[in-house]
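Protein chains in written order, with my numbering: chain A, 1 to 663; chain B, 664 to 1326.
Simulated from the structure, these hints should not be mistaken for laboratory data. Note that the structure is predicted; figures quoted are calculated from it, not measured. Glycine is no exception: its CB is placed at the ideal position from the N, C-alpha and C atoms. Treat the hints with caution; some may be incorrect.
[To be verified] Think about it this way: if two alpha-carbon atoms lie no more than 25 Å apart in a straight line, the pair counts; the simulated BS3-like pairs of lysine-lysine are:
| hint | chain 1 | residue 1 | chain 2 | residue 2 |
| --- | --- | --- | --- | --- |
| 1 | B | K1185 | A | K662 |
| 2 | B | K1316 | A | K80 |
| 3 | A | K259 | A | K362 |
| 4 | A | K77 | B | K1313 |
| 5 | B | K1114 | B | K980 |
| 6 | A | K317 | B | K1185 |
| 7 | A | K124 | B | K1325 |
| 8 | A | K77 | A | K35 |
| 9 | B | K743 | A | K220 |
| 10 | B | K1325 | A | K82 |
| 11 | B | K1114 | B | K1025 |
| 12 | B | K1185 | A | K133 |
[Said to hold, decoys possible] Each pair of labels, with its calculated beta carbon distance range:
| hint | chain 1 | residue 1 | chain 2 | residue 2 | range |
| --- | --- | --- | --- | --- | --- |
| 13 | B | Q725 | A | T544 | 54 to 64 Å |
| 14 | A | R10 | B | K1021 | 40 to 50 Å |
| 15 | A | R10 | B | L791 | 15 to 25 Å |
[Claimed, not checked] Negatives, chain A to chain B, calculated, CB over 10 Å:
| hint | residue |
| --- | --- |
| 16 | Y64 |
| 17 | K69 |
| 18 | K80 |
| 19 | Q196 |
| 20 | P223 |
| 21 | Q273 |
| 22 | R472 |
| 23 | D643 |
| 24 | S647 |
Number of protein chains: 2
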Amino acid sequence: MAVTVNPDLRKERENASFHPENVTNFLYGGPAVVKRKRELESLVLNDPDFQHEDLNFLSREQQYETQLKKSITMISKGEKLKITDAQDQLFYRSTVVGSDAPSFGVHVIMFLPTLYGQATQEQKDKWLKMAEKYAIIGTYAQTEMGHGTFLRGLETTATYDPTTQEFVINTPTITAYKWWPGALGKTANYCVLMAQLYIHGKSYGPHPFMLQIRSLQDHKPLPGVTVGDIGPKFGYNTIENGFLAVNNVRIPRENMLMKYSRVEPDGTYVKPQSTKLAYGTMVFVRATIVVQSASVLAKAVTIATRYSCVRRQSEMKPGQPEPQVLDYVTQQYKLFPYLAAAYAFWLTGQTMMSVYTKSSNKISKGDISVLPELHALSAGLKALTTWVANVGMEECRMACGGHGYSHASGLPRLYANLTAGATYEGENTVMMLQTARYLMKSYNQSLQGEKLAGSVAYLSGVQPVPAAGRTRNMLDLGVLCDAYRHRAARLVHEAAVQLRNERQAGKDQPDAWNAASVDLVKAAMAHSQYFVVKNFAERLTDSTLDSSISDVLTRLCQLHALHGLVNNSGDFLEDGYLTGTDIHQARRLINALMAKLRPDAVALVDAFDFPDGILNSVLGRYDGNVYEHLLEWAKASPLNKTDVHQSYHKYLKPFLEANRAKL
Amino acid sequence: MAVTVNPDLRKERENASFHPENVTNFLYGGPAVVKRKRELESLVLNDPDFQHEDLNFLSREQQYETQLKKSITMISKGEKLKITDAQDQLFYRSTVVGSDAPSFGVHVIMFLPTLYGQATQEQKDKWLKMAEKYAIIGTYAQTEMGHGTFLRGLETTATYDPTTQEFVINTPTITAYKWWPGALGKTANYCVLMAQLYIHGKSYGPHPFMLQIRSLQDHKPLPGVTVGDIGPKFGYNTIENGFLAVNNVRIPRENMLMKYSRVEPDGTYVKPQSTKLAYGTMVFVRATIVVQSASVLAKAVTIATRYSCVRRQSEMKPGQPEPQVLDYVTQQYKLFPYLAAAYAFWLTGQTMMSVYTKSSNKISKGDISVLPELHALSAGLKALTTWVANVGMEECRMACGGHGYSHASGLPRLYANLTAGATYEGENTVMMLQTARYLMKSYNQSLQGEKLAGSVAYLSGVQPVPAAGRTRNMLDLGVLCDAYRHRAARLVHEAAVQLRNERQAGKDQPDAWNAASVDLVKAAMAHSQYFVVKNFAERLTDSTLDSSISDVLTRLCQLHALHGLVNNSGDFLEDGYLTGTDIHQARRLINALMAKLRPDAVALVDAFDFPDGILNSVLGRYDGNVYEHLLEWAKASPLNKTDVHQSYHKYLKPFLEANRAKL
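Isolated chain A (complex conformation):
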């Protein structure tokens, strides 16, 4: 069936300076990957078994049930179709679930990896096959009502009883309730439980235990187990997050995951060799979040950009037709910087993943020398990209005016789900302070004459000396990278000075750190932004880059760097590194770049290659037939099932009649 594309969008596509397919290939790693991606997407999007009512029309309980059914279908069909390759699975699954959470997400990304990583061979033999085949559904129960970030603060206890060779599990207080684990409330029947290990009255810190929470016969909570849903949330309401309290539940000694630490039958505790190995997983998870930030930002920008070409508004010139909203420079200034950021983060995510893959070999061989840098880098980039994606998604939503506020746009749901990225897997400020800790350590090493390598090499020997009187070409990516580098180095230096001053004023180390923490976060942010800009510029020097797309990608890189520079202009001006004239020039160049990017905007979002079935947005439809489908979507709203809602008879009619009688 031929689809008529909205003429405005058609014209946009005709006028683009490049073929979006070339950028798509660049973004996904070549035509073969793109082809496979589309095959897998079609498998899902053309399968009636995956169709269902818009989740926005359903109550939370209905959403939970719909997602459970769909997740089971996804697993069963995936098995039949033999989708086993990791990348294939990613394409397949993300098409099924879009921006929502799958029902067994924590089972796959936390429960299984914990068994792989921390169970002994005997334990794997016992549980792994069951878990891999979904004969049991697990979750990872670490966070408690009163304890998140601070692992050592956990209150749940596992007390070893050598007489029976069992652990006795307890939730001693209300704040010790496990709280937030995904699928814990109604779905999982097993969990890995993090609890404080006690042997002979002595505490050995948090350890992982395998705990069955529901009966395999009837799914009822086992004796001593209180489990439930923690209630509705801002987003991710297709899954339930759960609470769990345990009262004197005994589990065999063999249920402690003992690949690293061990408890012998007599209660002897055997220490782990290294505790740093778990950092590898954290780096991977954070790199995944960077990739995700790029993707959600790309989705939001796709929706807002297409709609801004379909939507016409106001009268720019008397008597002329209403212009496309994207022709307003203020609209470009809202969207194009986030378009550029989506590209920047996409490439950052790729670099993170490839660095992780290269390093994970070393790490698995026990060489953890790369971990501190990787860990620091991934923490800061996780925080930076989720923060920017958060603000960007909302900017895109508001750029769509009133219709952006409707769930028809897809944007409120995207935001409500994905904004959680700033909080989970390490709250962002905590993340930035971890990066700052590494920066301070590196800075001090360089002061002591050590040569720094990797992402902090620039801290060695860089003197914060402003270069006055130079004239600069602010479009030159070398000039821009230098400016970001200088700013990062200076802010790291400033934070270190601030820390030293606080110490010299008499504060102890923790208090001085706290007093300097705003400057430390600022330094970590500048470091992370420098990495993103430099990485983007470096990718453009790739000799395999298709020449037909290097112009437009260079513009995006320039815009990304200049926009960040103008937005933080004080940081560059404060020590005179840049001048007011430079900033003024930067502003004018942004305007010029936006004008050049304007005709390519739709092609640049098309290149992200999100099918409509994944975008789930009436405003962002590829064919641009927005208004017809807004009406169609609205008509399907549950409140429209009857012309007169039942509440009229119950409440409104008696009210109106009584009021009329009083006239």
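Since chain A is already given, all that's left is putting chain B on it; use the hints.
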């Protein structure tokens, strides 16, 4: 019943430097008002008829029905209790609905005022009493699917037929569907419809018409009327926004609201005397939004600040108890600037309201000379305060960590509802450009030697000459106001230069305006921020200000000004008005101010005087008993009605059993 207050919160209250009641009196206008406010709040909060299940637990249809019932109760009881004073009604109603929308909101704030303002006496006699007594429920149908901001673009037509003395109403296209009016979908039976008036084939622009849309007998849509719900939205789901299409519906000539324009029986069109009078209402509505921005920001900060004193996290010093989260300087840096902004906007809102009240007398007498300035000021302040409130609400939510993401915190719902303020009643960028238009006009007048008055007086004669070499006390409110004034004047000047340059480069006026629009928005923003800072500082010089609270309020004002200065430091550095040393000093002063405000933080949010029943937040409870009530709230979640959810039997059980069989 004595409530045990969380000991941490109790201690906070004991250590405050002032009595919050004094600030409450300052904020609300004296003890008598505060007393009346609390009486009215108690009337609602202690009345079982207003109790209902947490709206977050309900489907959208249930929320609609619950709110309808509650709104009817509110009106009936309000009548019985004779709550007629405008301020009393505001206290009473906002206690009933909290941050959600009442069912007949548009009836009260748009439909009735339109009848008051635009109906003739005969029309008032016919409809007003019915509307006032809720014998009919109306809405205001202006926005169309394809047309929001641009009134002249409306497509709905009202064609006069002199032979029958009727208007024929039509919705000629899909984009002409009325879209978004509140309560239009299922609740209202009347509306004021804005339609393009056609007489003898000639267009006279948009005019208001009284249109009945549903039968008073059975509430069914009248013949020719298609009406329904536009579907679920990000927030405000207690009400339905509606769509409306009209097909050849005839209404009598007398149904055009004719106080200003008239159509005579023979089709003669009589022009209105002035079209500017409607601006008065817009100013009032925007001032109301400024007040609302202050209030929602105050609510969010109250929740986050109290919770940050109850929540303890991590180990700052080995062996010591986990500190209160608010003792982390990064947490203070997230919350205190928004605490200060809430106070700043609260006072801005009061000033706007009092300026409006003073002016409205003049306006109602036909003297509209004050309108352009008022209009420009209200537009910019509406945009500034809603933008800041948006970002601030989300900052507060994320500052509450994981629990902030739960609906138990009250913050997601607050945000999802109130973020709409950036879009409705004039999209914020459009608002800022309206302010900019007035600034450019004033600037040009001052160039031509005219003396400017009021909020733009400072544009006269201010030369953007940097004052080098001065040392400044950056805590001095005079110094800070001067800096904001200089920045605003300079950015207005820069935008004007930019506009001129674009014209000189050959662009026509609309294109030049568009090309300079980013600078114009920036100038309007700086102008609005200057107004807020100056207004705050001026309020502190009030001789009636209670001396016990002037210290703490001064700190808030300093923090507000310094935070905005540091956040936009480039604007102050770019022309050398401030130096790097000034900015550095400002940063240190912010740290010092935060340390001084820390012991007063809880008292400062207590002073906003929001009862728990209005905050609707487990985290923000006055008594701080957060954790017990998190559990209680979660247990009431609909998914916990049964231990084993029905979906287990439908989907999970067969899946698990099949997988187990395959092992």
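Query - Enumerated hints in conflict with the structure, sorted upward - result: 1, 5, 9, 12, 14, 15, 16, 17, 23, 24
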